Each structure stands twice: as C-alpha cells, then as structure tokens.
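*Asks:* Sequence:
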Amino acid sequence: KTVAYLGGNKEFVDAIDREKTYLSLLKEYNFTNYGIIEGNFLRESGLKAAEKLLKNKELPQAIFCANDQMAFGLIKGILAAGIKIPEEIKIIGFDNQEVSLLSTPSITTINNPFYKVGYVAAQNLIKYLRGEKIEIKKLPSKLILRDSA
8 KTVAYLGGNK EFVDAIDREK TYLSLLKEYN FTNYGIIEGN FLRESGLKAA EKLLKNKELP
68 QAIFCANDQM AFGLIKGILA AGIKIPEEIK IIGFDNQEVS LLSTPSITTI NNPFYKVGYV
128 AAQNLIKYLR GEKIEIKKLP SKLILRDSA
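According to the numbering used here, the sequence shown is numbered sequentially starting from 8.
The hints are simulated quantities; they were obtained by calculation from the structure and are not laboratory data. Hints may contain errors.
[Claimed, not checked] Here are the simulated DSSO-like pairs of lysine-lysine, each with C-alpha atoms no more than 27 angstroms apart in a straight line:
(1) Lys64 with Lys34
(2) Lys34 with Lys8
(3) Lys145 with Lys34
(4) Lys144 with Lys91
(5) Lys55 with Lys123
(6) Lys144 with Lys97
(7) Lys8 with Lys144
(8) Lys8 with Lys149
(9) Lys140 with Lys97
(10) Lys145 with Lys134
(11) Lys34 with Lys144
(12) Lys91 with Lys123
(13) Lys97 with Lys8
(14) Lys83 with Lys59
(15) Lys134 with Lys34
(16) Lys144 with Lys17
(17) Lys144 with Lys123
(18) Lys27 with Lys8
(19) Lys134 with Lys123
(20) Lys17 with Lys145
(21) Lys123 with Lys8
(22) Lys91 with Lys8
This one's a predicted model, so the numbers in the text were calculated from it and none came from an experiment.
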C-alpha cells in the first residue's frame, strides 16, 4: 500500500513523535511512503495539502494526518475535486476531536486518552514536589473506525 503523512508543526513534541511513529509503521508493515506533507495542525493546512496532492497524477491509497482538524480540511479539499472517500482514498486523523464526528464522511481517527494523560501528569507533578520518584507511563491509544477509511 502507498501511504502519505500530513504532519503537524514540528515545534511541538507530539508532531515529532507522530511522524516518527508513521515512519516506523512504514517499515513494520512494508508500506510505500508516498511522502510527508508539512502542516501546522490547522484545518487550512489540510486544504493546502489537498491542493498539493491533487497536482500529482496518482494519489496515495491512504493519508495519515497528525490531527483531525487537518484531516477535516484534507477531506473537504479531496471531495471538492470529485474524489470519493474512502473508495478512492482513505483518510485517517488523530486525537478523536469533535470535528471527526461532524465531518462528512466521519473521520477514522486515533483516540488518545487526554484526560488520563493530564491526570498522570498532575500525579507526577505532586510526586516531584514531594521529592518522590516519578513514574513514566505509556498510555494506550485506540483506533476508532469511521467512514473515511
């Protein structure tokens, strides 16, 4: 399968981590990298990414987006060109933001446990202030299948 990645602003750690994850998954699943498109986590960068992609003769089979806002913009741009989602191209977002449900088609996305992340961070801050050892935890994400993929 040929896949592309629409990344976020690399000033943010989560953008860097998500791109690294994308690159490692390419190798793990033997996907062909169509390319990495720079974005900024905003809907408008999804629209701009659609314009760039549509200049090419062929599209990737799927595009992973660093967040749902960019996926929403990408979907709008792709649909405006008459390309069917998910039949002709699949789009996956990240964060499970409300826009993922409001979009037509609804966005397949990765849900991050944001509340739990904040809770663990607060616990670690309290432990740090008390001079206690801080626990580093990786919290599981979950794929939410919807209409865009």
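*Asks:* So, against the hints stated earlier in the document, which numbers end up violated here?
*Replies:* Hints 4, 5, 6, 7, 9, 12, 15, 21 contradicted; others consistent.
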